[in-house]
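Novice: Whenever a hint applies, use it, and build me the whole structure from the sequences.
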Amino acid sequence: GAVVSQHPSWVICKSGTSVKIECRSLDFQATTMFWYRQFPKQSLMLMATSNEGSKATYEQGVEKDKFLINHASLTLSTLTVTSAHPEDSSFYICSATTTVRGYEQYFGPGTRLTVT
Amino acid sequence: QKEVEQNSGPLSVPEGAIASLNCTYSDRGSQSFFWYRQYSGKSPELIMFIYSNGDKEDGRFTAQLNKASQYVSLLIRDSQPSDSATYLCAVNTANDYKLSFGAGTTVTVRA
Chain H
1 GAVVSQHPSW VICKSGTSVK IECRSLDFQA TTMFWYRQFP KQSLMLMATS NEGSKATYEQ
61 GVEKDKFLIN HASLTLSTLT VTSAHPEDSS FYICSATTTV RGYEQYFGPG TRLTVT
Chain B
117 QKEVEQNSGP LSVPEGAIAS LNCTYSDRGS QSFFWYRQYS GKSPELIMFI YSNGDKEDGR
177 FTAQLNKASQ YVSLLIRDSQ PSDSATYLCA VNTANDYKLS FGAGTTVTVR A
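Listed in order, the protein sequences are those of chains H and B. When the letters of the first sequence are read in order and numbered with our numbering, they come out as residues 1 to 116. When the letters of the second sequence are read in order and numbered with our numbering, they come out as residues 117 to 227.
Hint data in this document are derived by calculation from the structure and do not stem from the laboratory. You may find that some hints are simply not true.
[Stated by the list, open to error] Derived pair list, reagent style DSS-like, types lysine-lysine, alpha-carbon separation capped at 30 Å:
| no. | chain 1 | residue 1 | chain 2 | residue 2 |
| --- | --- | --- | --- | --- |
| 1 | H | Lys-66 | B | Lys-158 |
| 2 | H | Lys-20 | H | Lys-66 |
| 3 | H | Lys-41 | B | Lys-214 |
Specialist: So, in structure tokens, the structure goes:
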């Protein structure tokens, strides 16, 4: 149990375009979902926390107008990178948790974004 | 002071040996502690969680928690080359489901 999927697994886009990444909890209802970014050889950086039906809470320094997060249901959250630039190229990973399971987070497989 | 600190490694151990990973945390009120394994180019995978002082064993993995010393460790017994990865220590420091992650310890198991 506790399977989280992400789509797409990798994407290449041109500078200035927008990219949407989906995160789904497949076998449980996710009370809360998280979005992380990870640059090569660095640790995870939390970008935002989202709860179903409410606005996401962004970490300090993360532009909420650039990284749009929507948590439409208990099994789906999306991250849209708007007007992407090469410096947005990174590994984006979502995770999900539920009050039933406690505080452990289950991670999706990640999306590798390359902006050219 | 970082909230969660780990030795960055790399930690190199021979196959069959015990790998010992350490983690300290700063928030004395922390309640939940997790170990994740991350292979290169992949996302983290939960391997252990521990809530109470003492040891918790799961297969070849043992997590140890000492809240008085604000210390959590992970032992990997009979290390295998497939255990070569970065191990992330994570701590829940507030009742809002966020986790604070350490920078990770890279483990290499030599065949």
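Novice: Between Lys-66/H and Lys-158/B, does the CA-CA distance stay at or below 30 Å?
Specialist: Holds: Lys-66/H and Lys-158/B sit about 25 Å apart, inside 30 Å.
Novice: So if I understand the rule, the pair passes when the alpha-carbon distance is 30 Å or less; does Lys-20/H with Lys-66/H pass?
Specialist: 12 Å, holds
Novice: Taken at face value, is the distance from the CA of Lys-214/B to the CA of Lys-41/H at most 30 Å?
Specialist: Holds: Lys-41/H and Lys-214/B sit about 22 Å apart, inside 30 Å.
The structure shown violates none of the earlier numbered hints.
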